[in-house]
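Chains as they are written, first to last, in my numbering: chain L, 549 to 925; chain R, 4 to 254.
I should point out that these hints are in silico values taken from the structure, not numbers from a laboratory. Glycine is no exception: its CB is placed at the ideal position from the N, C-alpha and C atoms. Wrong hints could be hidden among the right ones.
List time: in silico PhoX-like cross-link candidates among lysine-lysine, alpha-carbon distance up to 25 Å [said to hold, decoys possible]: (1) L/K786 x L/K757; (2) L/K635 x L/K765; (3) L/K555 x R/K138; (4) L/K765 x L/K786; (5) L/K555 x R/K133; (6) L/K555 x L/K635; (7) L/K851 x R/K133; (8) L/K851 x L/K555; (9) L/K635 x L/K786.
Partner residues are not named here, just some residues of chain L that face chain R (Cβ under 8 Å, in silico) [claimed, not checked]: (10) M549; (11) L580; (12) S848.
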Amino acid sequence: MVALARKTLIYEWRRFLPAILAVGFASLLQLLQAALVLGIFGSASVYITGSSADLWAGYPGTQSVNLGRPINEDVAMRLRMDPDVVKVEPFRWVDADWRGPRDTGGVSVFVSGIDPRADGMMFSRALPLALRARLNEPGAVIVDKADLDSLGVSIGDTAAINGQRVRVVGVSSGLRALGGVNIVASLETARVLDIAPEDAGMMTYFVAKLRPGVRPKAAARRLNGSNAFGPYTVWTAKDFARESQLYWMFDTGAGAGVLFLAGIVFLVGAVITSQTLIAAVIGSIREYATLNALGVGRGSLRKVVMEQAFWVGALGLLCSVVIGAILLVIARNRSVPMEMRPLTALACLTVSMALAIVSGLASVRSLRRADPASLLR
Amino acid sequence: MSMSAIASNPSANTPTLQARSVRKSFVSGRVESTVLHDLTLDVRAGELTLISGPSGCGKSTLLAILSGLQPADTGEVRALGHDLHGLSMRALEAFRLQHTGFVFQGFNLFPALTALEQVELPLSYMGLAKDVVRKRAVESLEEVGLGPRMSMLPIELSGGEKQRVAIARALAKQPELLFADEPTSALDAANGQIVIDILHRIARTHGTTVLCVSHDPRLVHHADRVLAMEDGRILSDHVPPAASAAITEHS
Chain L
549 MVALARKTLI YEWRRFLPAI LAVGFASLLQ LLQAALVLGI FGSASVYITG SSADLWAGYP
609 GTQSVNLGRP INEDVAMRLR MDPDVVKVEP FRWVDADWRG PRDTGGVSVF VSGIDPRADG
669 MMFSRALPLA LRARLNEPGA VIVDKADLDS LGVSIGDTAA INGQRVRVVG VSSGLRALGG
729 VNIVASLETA RVLDIAPEDA GMMTYFVAKL RPGVRPKAAA RRLNGSNAFG PYTVWTAKDF
789 ARESQLYWMF DTGAGAGVLF LAGIVFLVGA VITSQTLIAA VIGSIREYAT LNALGVGRGS
849 LRKVVMEQAF WVGALGLLCS VVIGAILLVI ARNRSVPMEM RPLTALACLT VSMALAIVSG
909 LASVRSLRRA DPASLLR
Chain R
4 MSMSAIASNP SANTPTLQAR SVRKSFVSGR VESTVLHDLT LDVRAGELTL ISGPSGCGKS
64 TLLAILSGLQ PADTGEVRAL GHDLHGLSMR ALEAFRLQHT GFVFQGFNLF PALTALEQVE
124 LPLSYMGLAK DVVRKRAVES LEEVGLGPRM SMLPIELSGG EKQRVAIARA LAKQPELLFA
184 DEPTSALDAA NGQIVIDILH RIARTHGTTV LCVSHDPRLV HHADRVLAME DGRILSDHVP
244 PAASAAITEH S
């Protein structure tokens, strides 16, 4: 079979270039947008992704990790009773008000009270061991180094949280929060800072580690079976992280914005691509009509046009993947919050290929003008 | 080839193309103009039949109807014994794929393909084996004298060479019916001469029914039979002097 579609694409590349670029740009925009959204909203679940726990137990129906309510200590017992659970650790969340030494006004902060022991699960990925040990000092807190300015402090400074004195003993990275500032403290410090009387002595979450090889999903399902130890829900870390991200994405309206923008990008890309492909079909319409006169069926001609659309899509995707990868590396090096996962990338690329295919289908219609009788003049 | 050889070919005498009382009208706005008036015609194999006449006389419409590219309003059209009127679009495409070749005034070659690929392209849709496709394409290009220029793109070929590629493209299908619409109009005298000679030779050596439509008076002497058309009717049906001289010479 003569590779008419590919040969024409190569020979008349100038004609197809706008379509390739349109698919490429559309694809690149979708990829970058997805990477930014994942990067920014990923910080909504930094408590989960920065920790090594497999399971999270919290107040029933909690939609996002920052919305936790105090739960009964008995839940920890329930977790420990499970044969697959090897370790349980409390996590205390305190919404608080920060007053820095400099004139920053009130800053709304989220205090994470964690077990500062070296083998603690909470923030095990975000805190170096030496830094973690410093939390044992009463009133010691750690913040993200990018938040120092908004908190109006430097390392070693003292400030007040909910009217209690705290001291910044160190900074880390990867602790940035959405909608506020994260403060990491020991469970003991967090208890002191929590001034709400109804929370007295209550933890917000219990996180658990499973025996190696145990599937977290199955364990979570089993643990959700009974309410004998008071109301609670158990999530796998992965599920809870995703739930928190999705909550923020849609609570802020960013999710709708992203989908809207994706729709616009798709539409504009499809218009340019289909117009270019239509122009290419019309440009060869007499040749197609001649083939039809010689008996090559309309279906076969459609296939040629669709194959062209496919190659335009494939080349566009290739461009976007190469440029996207380069931009992602640059963004990482400049601590722009960007993140890409294989499944998300695949979804973006699928949407862009769909764009090319839809444009191809639109341009196939112009093959109707390939009427061999019109060649007889 | 002598007259006796043609006569011994049974298809030479039975018409391969038959039109009976064919009528075709076009409506533009409120005006209906009849292009073909109850036209009846037989075309035989092994001959180059030329339909000549001024532009607008309906000769291209007649070609379109005889080749199955357009349906007639009334009347009967039979090609190789098939009634074209009753065939669906797909069936007509299949019929054209198996039995017909076309040469148009414009060469209509794909700019991206070499001469060899242009010829192979329609063949590849006929369900032929790859080596058969290649062999037929090469033979056809050699037959039209383009053997050495097979790997050239249309941009590297002259007008006459392009038209010869178009002829090879039609010829390689080994069609029983070969239709040519103004094949020499875009060419200079010398190249027009070459093209009409090739078409004539195809009719004689392959026993193909070659139906050529042209207003080019230079072609009249190269045809086996000339039908003069005007206003949708056939005015005369004669054997041109050169051809009759050749026939007398042969017999």
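To see whether the hints hold, each was checked on the structure:
1. A hinted pair counts as satisfied when its Cα atoms are at most 25 Å apart, and L/K786 with L/K757 qualifies at roughly 13 Å.
2. A hinted pair counts as satisfied when its Cα atoms are at most 25 Å apart, and L/K635 with L/K765 qualifies at roughly 17 Å.
3. Using a Cα cut-off of 25 Å, the hinted pair L/K555 and R/K138 holds, with the two alpha carbons roughly 22 Å apart.
4. Restraint check for L/K765 and L/K786: satisfied, since their Cα atoms lie roughly 9 Å apart, inside the 25 Å limit.
5. Between the alpha carbons of L/K555 and R/K133 the distance comes to roughly 18 Å, so the proposed pair stays at or under 25 Å and holds.
6. Annotation: proposed proximity of L/K555 to L/K635 is violated, straight-line Cα distance about 63 Å (limit 25 Å).
7. Taking the CA atoms of L/K851 and R/K133, the gap is near 20 Å; set against the 25 Å cutoff, the hint holds.
8. Straight-line distance between C-alpha atoms of L/K851 and L/K555 comes to about 15 Å, which keeps the hinted pair within the 25 Å bound.
9. For the proposed pair L/K635 and L/K786, the alpha carbon gap of about 18 Å is at most 25 Å, so the pair holds.
10. The interface hint given for L/M549 holds, since its Cβ lies 5 Å from the closest Cβ of chain R, which is under the 8 Å cut-off.
11. With a least beta-carbon distance of about 34 Å to chain R, the hint placing L/L580 at the interface is violated under the 8 Å criterion.
12. Checking L/S848 against chain R: minimum C-beta separation of about 6 Å stays under 8 Å; hint holds.
Checked against the numbered hints given earlier, this structure breaks hints 6 and 11; the rest are met.
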